[in-house]
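Asks: First to last, the sequence lines map onto chains A, B, C and D. Just add 3 to wherever you are in the first sequence, counting from 1, and you've got our numbering. Just add 3 to wherever you are in the second sequence, counting from 1, and you've got our numbering. Just add 10 to wherever you are in the third sequence, counting from 1, and you've got our numbering. Just add 3 to wherever you are in the fourth sequence, counting from 1, and you've got our numbering.
Calculated directly from the structure, the hints in this document are not laboratory data. A few of these clues could be false.
No farther apart than 35 Å at their CA atoms in a straight line, the calculated lysine-lysine pairs in the DSBU-like style are these [as the list claims (entries may be wrong)]:
no.	chain 1	residue 1	chain 2	residue 2
1	D	LYS202	D	LYS274
2	C	LYS51	D	LYS202
3	B	LYS14	A	LYS14
4	C	LYS51	C	LYS88
5	B	LYS14	D	LYS155
6	D	LYS425	D	LYS587
7	A	LYS81	B	LYS14
Keep in mind the model is a prediction, meaning the values are calculated, not measured.
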Amino acid sequence: MARVVVDVMLKPEILDPQGQAVQRALPRLGFQGISDVRQGKRFELEVDGPVDEAALARIHEMAETFLANTVIEDFVVKVEATEGAEGADK
Amino acid sequence: MARVVVDVMLKPEILDPQGQAVQRALPRLGFQGISDVRQGKRFELEVDGPVDEAALARIHEMAETFLANTVIEDFVVKVEATEGAEGADK
Amino acid sequence: MTARIGVVTFPGTLDDRDTQRAVRVAGAEAVPLWHRDKDLKQVDAVVLPGGFSYGDYLRAGAISRFSPVMESVIDQAKAGMPVLGICNGFQVLTETHLLPGAMLRNNHLHFICRDQKLRVETNSTAWTADYEPGQEISIPLKNIDGRYVADERTLDMLEAEGRVAFRYLDVNPNGSLRDIAGITNAAGNVVGLMPHPEHAVEPLIGTGRTDGLGFFTSILKNLVGAR
Amino acid sequence: MTLDTVKHAEQTPEAGQPWAELGLKPDEYERIREILGRRPTGAELAMYSVMWSEHCSYKSSKVHLKQFGEKVPENDAMLVGIGENAGVVDVGQGYAVTFKVESHNHPSYIEPYQGAATGVGGIVRDILAMGARPVAVVDPLRFGAADHPDTKRVLPGVVAGIGGYGNCLGLPNIGGEVVFDPCYQGNPLVNAGCIGVMKHEDIHLAKASGTGNKVILYGARTGGDGIGGVSVLASETFESTGPAKRPAVQVGDPFQEKLLIECTLEIFAEKLVAGIQDLGGAGLSCATSELASAGSGGMRVDLDTVPLRDSSLSPEEILMSESQERMCAVVEPDKVDRFMEICEKWDVIATVIGEVTEGERLEIFWHGEQIVDVPPRTVAHEGPVYHRPYERPSWQDALQADDANKLARPANSAELKEQILKLVASPNQASKAWITDQYDRFVQGNTILAQPEDAGMVRVDEESNLGVAMATDGNGRYAKLDPYAGAQLALAESYRNVAASGAKPLAISNCLNFGSPEDPDVMWQFAEATRGLADGCLALGTPVTGGNVSLYNQTGETAIHPTPVVAVLGVIDDVTRRTPIAFKEEGQLLYLLGETHEEFGGSAWSQVVHDHLGGLPPKVDLERERLLAEILISASRDGMIDAAHDLSDGGLIQAIVESCLRGGVGARLVVPDGLSSTGSATGDAFTFLLSESAGRAVVSVPRSEELRFTDMCGARGLPVTRIGVVDGDAVEVQGQFQLSLEELRTAHTGTIPELFA
Ligand SMILES: Nc1ncnc2c1ncn2[C@@H]1O[C@H](COP(=O)(O)OP(=O)(O)O)[C@@H](O)[C@H]1O
Ligand SMILES: [Mg+2]
Chain A
4 MARVVVDVML KPEILDPQGQ AVQRALPRLG FQGISDVRQG KRFELEVDGP
54 VDEAALARIH EMAETFLANT VIEDFVVKVE ATEGAEGADK
Chain B
4 MARVVVDVML KPEILDPQGQ AVQRALPRLG FQGISDVRQG KRFELEVDGP
54 VDEAALARIH EMAETFLANT VIEDFVVKVE ATEGAEGADK
Chain C
11 MTARIGVVTF PGTLDDRDTQ RAVRVAGAEA VPLWHRDKDL KQVDAVVLPG
61 GFSYGDYLRA GAISRFSPVM ESVIDQAKAG MPVLGICNGF QVLTETHLLP
111 GAMLRNNHLH FICRDQKLRV ETNSTAWTAD YEPGQEISIP LKNIDGRYVA
161 DERTLDMLEA EGRVAFRYLD VNPNGSLRDI AGITNAAGNV VGLMPHPEHA
211 VEPLIGTGRT DGLGFFTSIL KNLVGAR
Chain D
4 MTLDTVKHAE QTPEAGQPWA ELGLKPDEYE RIREILGRRP TGAELAMYSV
54 MWSEHCSYKS SKVHLKQFGE KVPENDAMLV GIGENAGVVD VGQGYAVTFK
104 VESHNHPSYI EPYQGAATGV GGIVRDILAM GARPVAVVDP LRFGAADHPD
154 TKRVLPGVVA GIGGYGNCLG LPNIGGEVVF DPCYQGNPLV NAGCIGVMKH
204 EDIHLAKASG TGNKVILYGA RTGGDGIGGV SVLASETFES TGPAKRPAVQ
254 VGDPFQEKLL IECTLEIFAE KLVAGIQDLG GAGLSCATSE LASAGSGGMR
304 VDLDTVPLRD SSLSPEEILM SESQERMCAV VEPDKVDRFM EICEKWDVIA
354 TVIGEVTEGE RLEIFWHGEQ IVDVPPRTVA HEGPVYHRPY ERPSWQDALQ
404 ADDANKLARP ANSAELKEQI LKLVASPNQA SKAWITDQYD RFVQGNTILA
454 QPEDAGMVRV DEESNLGVAM ATDGNGRYAK LDPYAGAQLA LAESYRNVAA
504 SGAKPLAISN CLNFGSPEDP DVMWQFAEAT RGLADGCLAL GTPVTGGNVS
554 LYNQTGETAI HPTPVVAVLG VIDDVTRRTP IAFKEEGQLL YLLGETHEEF
604 GGSAWSQVVH DHLGGLPPKV DLERERLLAE ILISASRDGM IDAAHDLSDG
654 GLIQAIVESC LRGGVGARLV VPDGLSSTGS ATGDAFTFLL SESAGRAVVS
704 VPRSEELRFT DMCGARGLPV TRIGVVDGDA VEVQGQFQLS LEELRTAHTG
754 TIPELFA
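Same shape as in the complex, but just chain A (with noise of 0.2 Å):
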């Protein structure tokens, strides 16, 4: 068993408030020196059998209809192994 990730961003002309609500925050807090902060999702999956071409083609289609809002998302597709999984894999 594999991990992959999916990390979902907010496309960067888009308006994001939750980040700069964070980055606004940051020097009342005591941290200087972050000029810029994005919010986005991430996802864990965690996949069945072996993480092939195949596998990463649905995961891409999955995120591409489902996880990600592409009229304003923009996602990455990631593997990375569990531990144990490279093992297992091979």
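Could you slot chains B, C and D with the ligands onto chain A? The hints should help.
Replies: This is chains B, C and D with the ligands only, laid out in the frame that chain A set:
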């Protein structure tokens, strides 16, 4: 300038209704073979100046006290060099 | 026989019973529709009511969009059946791409419940015929994901084609681009808006005004007239 | 690790057990051994410890709460009294209403959003379990100083949590309170109330009867969250949170709860359940033992059938888990299939976990091995009872002697005006719209009145226009000065608020928030407050239908102000007759009902202007409250008044400002003669405008009704004084000052957003 990413996820023992809703929807959409989904937050921080130990320590503290509520959430801090940043760092 | 107006219930829908009441107050027959059924029970029009379908998890409207009932609603809407999406229903309509753009978290990040002034920009839709163009109405607004966004081209197109159906007046309550509170498709049969006309159909209840009744009388006239 | 079965417990009588870590006292542990005739198993120990905690057993408060059942006023509205999930009252036309308030104080300090959210979730399930459709929520809240940095963390989180959960359930939020005081700094009070409506025949009770009936657990899967939540709710410190690594707070899933509500209502409609119980504090331990204890037979549960979210949970943990959004039903065998079908329709997981048995024992098995064998009453209803020592605090006399009536008063009209502007802008008196606008008050389409009205009101029947109203009130400052009077003042204010809206007060619920019961000072406050409340309810004819006690509300050695919160439920036959607070029609006459004395102890003025707390709270006259309520209700029914607003903290001027701003029109006031005005340069005006004498309200009377109205008051002996007229766009006090509505609006509405937005 560099980008630091803070991923905040609900602790494994904490209920994640969002992730569950996503997971339950997948088979209906024709996506099989995902045994678990967890949904968390991803913060992308643009850091002015070098991302040295001190900066990372500060970001770690920020994550611990502000970005995550460690009663229910875990977090991971990762450095992700942005384009053109690598040169500047060295 | 009067018009039959379907009101869809998704898991997590909240305003279905209120919408049924509004339909009845206007003199039409309200027909409950269930998200798992493809069968639209021969209704003449469909309302997708407000609420938090599937908890609004992932994105508002994102999961409901894939329900069996929506397959039929999408087909019928494309064939010209009147469809009104209120609040969560509007979010579902953008997620299905029956209406362009998307809904995002309010710019102030809070849920907001207020009596909201709107301008009805067009009465050439199935749901606004009983209003005067430019008429100002006040109806309740209540949501946390009410910020309408679309790219500039889409916004310009909506403006040019007269498809901005409602605009916020006095206060833009959520940062919606160009103060857009609701839009229509090109044919005028599919309309979506964030504020809640179904909560403004009886004096005394809620804000005490009946400014929302026009939505339901419009569709009734439209359907009965068409027979 | 070997399973600690009943057999194993019998064989290893001397095995050490972590009873102390679980919060049990030595004598309590001994009693468990006595009851069982052996040492308890781990699972039994878990059950007893959690059910005998302060939160679940009311061991410190029981002896005082008894009065609510003893001093019961004549009242034929009561259908179900104290002891069930929530009380039920008859509101006429075959309808019954159930309502209750509960606290979720400690979790809301640790995790404000989830703490508050799950507080709403819990109280809604209590109401649902009675057989009712939940129709509205209320949320009395208290926070530390408004300008304290930590309040900026706690308040927005709590408000977002209450809204996030309640809005998602589709329950209009129709009332509550927001109070700031440094005494709540490390211990905010998050109380949540819910109202439900049903027909008389739909009332359900939490009991398991009928041998062979199935016990069905339905709703969310059981997880490891919230284990130890009960201990943290009532434990002595935040540290002792039960087994390590299990977090003390739960995460709520309002979507799941919404499904649970609709599913349960459909199950009720088909009459499929013989008994039902929500799962709240103490989870399955509580639900199974309470159901079995209240029923006639015993119960057998196969714990390994419970659907889990986390397969590593031990049986003890499953018993204690406070995973949210779960219910437990007792169902006749031939109705189980239909029950399951309805659950499937709503995507709700349902599992038969046991059945009602012949004997009298609660028996729990784990993969066939018995791990619990107890008499359920000893767990659920016959827990320890403490007679904690209490004594009037040594500092009470000095506090009362520090008379607020002697504080420096405004030297001239300009100063009076300035102090009033400061008062209406102070966090406690300022508009709470920024908070309440985060709550849906329109959903369900039955809301007649909501914030900032005196009471929330919802329509119950569309045909007849029958409605119910609710207000919640509490004043910790008054209660600190005199807990007996303070509790009665909370009751009186809530009662007055309901009457001012035009509804007839019927019954009350309460949430009693106090410090540590182990402190005799606190225990005295608790004893006095409960005595005051019970006596007050007797005098007003409003029975206590239920409530909640929250103890150990303190930071270190310092307890919060004693804070009894009272929720009064009222009924109105025709909601079209409701009375709003807004002054609308220019030319209408303003009348003050009741008498004004110099009463500044605990007042908002003494706090805002002098940061002072001392003296005595306003005098309580419950006969007067009763008369005032009768007049307000008659006047509303007969169309004699167009607006009414009760007077409480901030006095007359606060009420006038609120009513003017609400209606968008000003008022001209004349200071009546004959008020006492010792040593005040501003004469009677100061007392007139700022005293907090109880038993008063201001009403707006159409000129055509003036005579009829004053005659009615005169005939029934209620003092009534004409104090001015609705007019213009300012609040003017003749001979004193004038404040424009704009100025007032800016002051009144700016404060809270400035602090928290
Ligand atoms: N302050 C109180 N006044 C009257 N009744 C109370 C009070 N506190 C608790 N009760 C009653 O005791 C019973 C147990 O209370 P509680 O444990 O809060 O209920 P639940 O188990 O449903 O959460 C309930 O019937 C409740 O109404
Ligand atoms: Mg209960």
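Asks: Against this structure, judge whether each hint is valid.
Replies: Hints versus structure:
1. D/LYS202 - D/LYS274: 13 Å, holds
2. C/LYS51 - D/LYS202: 31 Å, holds
3. B/LYS14 - A/LYS14: Holds, at about 28 Å.
4. C/LYS51 - C/LYS88: 17 Å, holds
5. B/LYS14 - D/LYS155: Holds - the C-alpha atoms of D/LYS155 and B/LYS14 are around 25 Å apart, at most 35 Å.
6. D/LYS425 - D/LYS587: 25 Å, holds
7. A/LYS81 - B/LYS14: 21 Å, holds
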